[in-house]
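Respectively, the protein sequence lines represent chains A and B. Taken in order, the first sequence gives residues 98 to 522; the numbers are from the working numbering. Taken in order, the second sequence gives residues 98 to 522; the numbers are from the working numbering.
Bear in mind the hints are in silico, worked out from the structure with no lab data behind them. Do not rely on the hints blindly, as some may be mistaken.
Remember, identical chains collapse to one label, so a pair may be satisfied in a single copy or spanning two.
As the list claims (entries may be wrong) - Simulated pairs of lysine-lysine, DSBU-like, Cα-Cα distance not exceeding 30 angstroms:
{"id": "1", "residue 1": "190", "residue 2": "119"}
{"id": "2", "residue 1": "323", "residue 2": "109"}
{"id": "3", "residue 1": "455", "residue 2": "159"}
{"id": "4", "residue 1": "109", "residue 2": "455"}
{"id": "5", "residue 1": "478", "residue 2": "320"}
{"id": "6", "residue 1": "109", "residue 2": "412"}
{"id": "7", "residue 1": "190", "residue 2": "507"}
{"id": "8", "residue 1": "119", "residue 2": "439"}
{"id": "9", "residue 1": "190", "residue 2": "288"}
{"id": "10", "residue 1": "159", "residue 2": "412"}
{"id": "11", "residue 1": "159", "residue 2": "478"}
{"id": "12", "residue 1": "151", "residue 2": "320"}
{"id": "13", "residue 1": "455", "residue 2": "320"}
{"id": "14", "residue 1": "439", "residue 2": "507"}
{"id": "15", "residue 1": "478", "residue 2": "517"}
{"id": "16", "residue 1": "507", "residue 2": "109"}
{"id": "17", "residue 1": "517", "residue 2": "288"}
{"id": "18", "residue 1": "190", "residue 2": "151"}
{"id": "19", "residue 1": "439", "residue 2": "190"}
{"id": "20", "residue 1": "477", "residue 2": "190"}
{"id": "21", "residue 1": "291", "residue 2": "109"}
{"id": "22", "residue 1": "291", "residue 2": "151"}
{"id": "23", "residue 1": "190", "residue 2": "478"}
{"id": "24", "residue 1": "517", "residue 2": "334"}
{"id": "25", "residue 1": "119", "residue 2": "109"}
{"id": "26", "residue 1": "517", "residue 2": "455"}
{"id": "27", "residue 1": "477", "residue 2": "455"}
{"id": "28", "residue 1": "119", "residue 2": "463"}
Number of protein chains: 2
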Amino acid sequence: MLITPRTLSGFKDYMPEEALQKENLLQTCIPIFRSFGFMPIQTPHLEYAEILSKQGSEEIQKEMYRFTDHGGREVALRFDQTVPLARFVTQHKNLGMPFKRYAIGNVFRGERAQKGRYREFTQCDFDFVGSDSVCADAEIVQVIDTCMQALDVGAFCIAFNHRKILDGIAQMVDVAQNLPAVLRAIDKLDKIGKEGVESELRNIGLSHEQIARFFDFVLLEAKGEKIGTMLADALQKADNPTFQQGVHELQQFYTLLQALGICTNRLRLAFSIARGLGYYTGIVYETTLDSHPELGSVCSGGRYDNLTQNFATEKLSGVGASIGIDRLLAALEHRPKTQNQKTLVVAMELEYLAYCAKAAATLRAKGMVVELYPDIVRLKKALQYANTRGYDRVAIVGSDEFAQQTITFKDMQSGEQHSKSIDSL
Amino acid sequence: MLITPRTLSGFKDYMPEEALQKENLLQTCIPIFRSFGFMPIQTPHLEYAEILSKQGSEEIQKEMYRFTDHGGREVALRFDQTVPLARFVTQHKNLGMPFKRYAIGNVFRGERAQKGRYREFTQCDFDFVGSDSVCADAEIVQVIDTCMQALDVGAFCIAFNHRKILDGIAQMVDVAQNLPAVLRAIDKLDKIGKEGVESELRNIGLSHEQIARFFDFVLLEAKGEKIGTMLADALQKADNPTFQQGVHELQQFYTLLQALGICTNRLRLAFSIARGLGYYTGIVYETTLDSHPELGSVCSGGRYDNLTQNFATEKLSGVGASIGIDRLLAALEHRPKTQNQKTLVVAMELEYLAYCAKAAATLRAKGMVVELYPDIVRLKKALQYANTRGYDRVAIVGSDEFAQQTITFKDMQSGEQHSKSIDSL
Numbered sequence: 098m099l100i101t102p103r104t105l106s107g108f109k110d111y112m113p114e115e116a117l118q119k120e121n122l123l124q125t126c127i128p129i130f131r132s133f134g135f136m137p138i139q140t141p142h143l144e145y146a147e148i149l150s151k152q153g154s155e156e157i158q159k160e161m162y163r164f165t166d167h168g169g170r171e172v173a174l175r176f177d178q179t180v181p182l183a184r185f186v187t188q189h190k191n192l193g194m195p196f197k198r199y200a201i202g203n204v205f206r207g208e209r210a211q212k213g214r215y216r217e218f219t220q221c222d223f224d225f226v227g228s229d230s231v232c233a234d235a236e237i238v239q240v241i242d243t244c245m246q247a248l249d250v251g252a253f254c255i256a257f258n259h260r261k262i263l264d265g266i267a268q269m270v271d272v273a274q275n276l277p278a279v280l281r282a283i284d285k286l287d288k289i290g291k292e293g294v295e296s297e298l299r300n301i302g303l304s305h306e307q308i309a310r311f312f313d314f315v316l317l318e319a320k321g322e323k324i325g326t327m328l329a330d331a332l333q334k335a336d337n338p339t340f341q342q343g344v345h346e347l348q349q350f351y352t353l354l355q356a357l358g359i360c361t362n363r364l365r366l367a368f369s370i371a372r373g374l375g376y377y378t379g380i381v382y383e384t385t386l387d388s389h390p391e392l393g394s395v396c397s398g399g400r401y402d403n404l405t406q407n408f409a410t411e412k413l414s415g416v417g418a419s420i421g422i423d424r425l426l427a428a429l430e431h432r433p434k435t436q437n438q439k440t441l442v443v444a445m446e447l448e449y450l451a452y453c454a455k456a457a458a459t460l461r462a463k464g465m466v467v468e469l470y471p472d473i474v475r476l477k478k479a480l481q482y483a484n485t486r487g488y489d490r491v492a493i494v495g496s497d498e499f500a501q502q503t504i505t506f507k508d509m510q511s512g513e514q515h516s517k518s519i520d521s522l
Numbered sequence: 098m099l100i101t102p103r104t105l106s107g108f109k110d111y112m113p114e115e116a117l118q119k120e121n122l123l124q125t126c127i128p129i130f131r132s133f134g135f136m137p138i139q140t141p142h143l144e145y146a147e148i149l150s151k152q153g154s155e156e157i158q159k160e161m162y163r164f165t166d167h168g169g170r171e172v173a174l175r176f177d178q179t180v181p182l183a184r185f186v187t188q189h190k191n192l193g194m195p196f197k198r199y200a201i202g203n204v205f206r207g208e209r210a211q212k213g214r215y216r217e218f219t220q221c222d223f224d225f226v227g228s229d230s231v232c233a234d235a236e237i238v239q240v241i242d243t244c245m246q247a248l249d250v251g252a253f254c255i256a257f258n259h260r261k262i263l264d265g266i267a268q269m270v271d272v273a274q275n276l277p278a279v280l281r282a283i284d285k286l287d288k289i290g291k292e293g294v295e296s297e298l299r300n301i302g303l304s305h306e307q308i309a310r311f312f313d314f315v316l317l318e319a320k321g322e323k324i325g326t327m328l329a330d331a332l333q334k335a336d337n338p339t340f341q342q343g344v345h346e347l348q349q350f351y352t353l354l355q356a357l358g359i360c361t362n363r364l365r366l367a368f369s370i371a372r373g374l375g376y377y378t379g380i381v382y383e384t385t386l387d388s389h390p391e392l393g394s395v396c397s398g399g400r401y402d403n404l405t406q407n408f409a410t411e412k413l414s415g416v417g418a419s420i421g422i423d424r425l426l427a428a429l430e431h432r433p434k435t436q437n438q439k440t441l442v443v444a445m446e447l448e449y450l451a452y453c454a455k456a457a458a459t460l461r462a463k464g465m466v467v468e469l470y471p472d473i474v475r476l477k478k479a480l481q482y483a484n485t486r487g488y489d490r491v492a493i494v495g496s497d498e499f500a501q502q503t504i505t506f507k508d509m510q511s512g513e514q515h516s517k518s519i520d521s522l
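Just chain A, with the same shape it has in the complex (with noise of 0.2 angstroms):
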């Protein structure tokens, strides 16, 4: 009785082409990420559920995979790898702060399948454990900047506040105990715009002139050199200390983001920039791309003040980013591939094999990617099989070549040929 192969709704198959653009994607975060003095760690994806729960929204934890192991111990799959970490940075007592980790890692949430959405994704986060210095929040926005520029996926542009701006307006609006209400309407400002945001905010029941009052100051923004005066501006038309005291903070990260040399053209402040997750208590940061703004966030982070608060008395602060590997594939995805030239070996004869395995192991030393086409098939064969893998040349061998200790190469974009002697590889 045969099995139907397939997948589970909601989980997916990474493809050699996805898998490979993945990989590479990976590849030029991690050097950037070890050049700031990051360490990687690795945490199982199965954790105690206890572990887990009273933590993230109350969906998260309703999505959570859970179930009880070999043992009757309740356990579940992680759903993201900050939970992991507070864990982690408690556990181990002699890790020294600050503490500074990243970690590549897939974590699972059985939400409502949808297009673009996975129940099982892969998250790459790099955090800062035990300082509350601004100068680490700079230093995470700097590790984003890097890394995108060094992915080469165009413009972008990082946007940042703090959450002790929303704190204060909430309070000057005097809707300080509707706060999250109001910052989920807030958040969805991108998505359902001013009026929409204006319609939630009626419905939590703001008054006409709170609403105003709100805008007035939520839907402050500036780029690039603006931001100075903006915050300046800002301090000036506002007395409440919990929003001068954001708008302080913000000073010196800016000033500290100019002295690290990141491209203010780059920089965006916005006032209404909440993140939607319920930790962050400090400076937010999201970055979108030029190319892409459909796609939202792909890297986002913030500062959350209370990481251990479920595992320790003794408070540890965090900041940290999340780079959101699946959108930044999206955008990438009708890039052409620049790759290594590929060329592939082909034996007309059997007794071929071993002659065309020795000029394979030649070409691949000098650094080339070089497959020997293992069966011995019909030539058409072999160039449908070069033709489909996306081989730049194919290399044959027959009887010809095989007695006078050559190979011919085929261009497989021009269909061009050539020999050359075995000795000259």
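Following the hints, position chain B against chain A.
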């Protein structure tokens, strides 16, 4: 109420140094896989339980992490990457054959926890699907050989055999009906010695004579250049057609390995090698490190003719191997870590932070690993931190350095200090 931070029994965290070494190890192998035309694929960690059932040993089935998901589906965590490969190649019809892929991922087995054995571990597999050519077998060994040399783990030995040799011997000794038990016994030769195997064979019911004849064949082995003679002699010695076919294929295989330039000194032919897993049907191999025989095989594989039997009527054969990442890490554990020079930059006052950040960025742009200490602390604390983290030197910016636009570098090994102007970096 605080939750005790802990990992599940049998699961482990990779600490930074170990995770770094693991990452380096994989990044050494990946370009090699690619240079032979292998492409990466990734399949989900979670599959329909049905897909993974009827595969592997009874033990593996019992150890599988199975549960019911939110949608009432019976699902399971994969226990290897070979069954998902079989599912993959039958599900995606247009891959074209032969199909060469590598896959690096974690697998789960709820084994009894014991030292050095984990319930979640990483497999690094490379396989060649859809070719019956012995050239594919030889190439897999060539990839193993190339990887082992690149990993710089010292002298190693690739031992090989053919399952038909064992089938043939079993026929000649007339124990073919007991083959699985006989294979299990001979598989333990390294662990329990000849006497141990003898006693197991007696328990299975083999006569004194049968055991003597069995050993007469199964203990044959040769290293290096003597392999050719051993094969020729074996052919003379036995007239069983299965055995003879095995010898013929091994002869072709050995000729190809030589043609590929693999140093015969690293090769060993041993008729006792069975490789535990039931699914091998052709040539099998295993790799041991001369300096760490106790680790067993660090890379093994072979040919299996029935890859897709549960998913399709069309027969697809496979040949591949798996690199034992954790065993290799254990072998590398006591190696001195060779890393890029690492610098920790320390600002003695808050107003020097931007200056330091800029210096760090300059050094980093030259390819160095540079961490900027994000807080203002006493120098002693920063030096301690540098020491714990294995930094080679600390770059200090105090009032003198800031005024003179210099940096003082302190070598952590020698304690020596010298100053450099910021412009000369």
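Hint check, failures only
Hints 2, 3, 4, 5, 9, 11, 12, 16, 17, 21, 22 and 24 not satisfied by this model.
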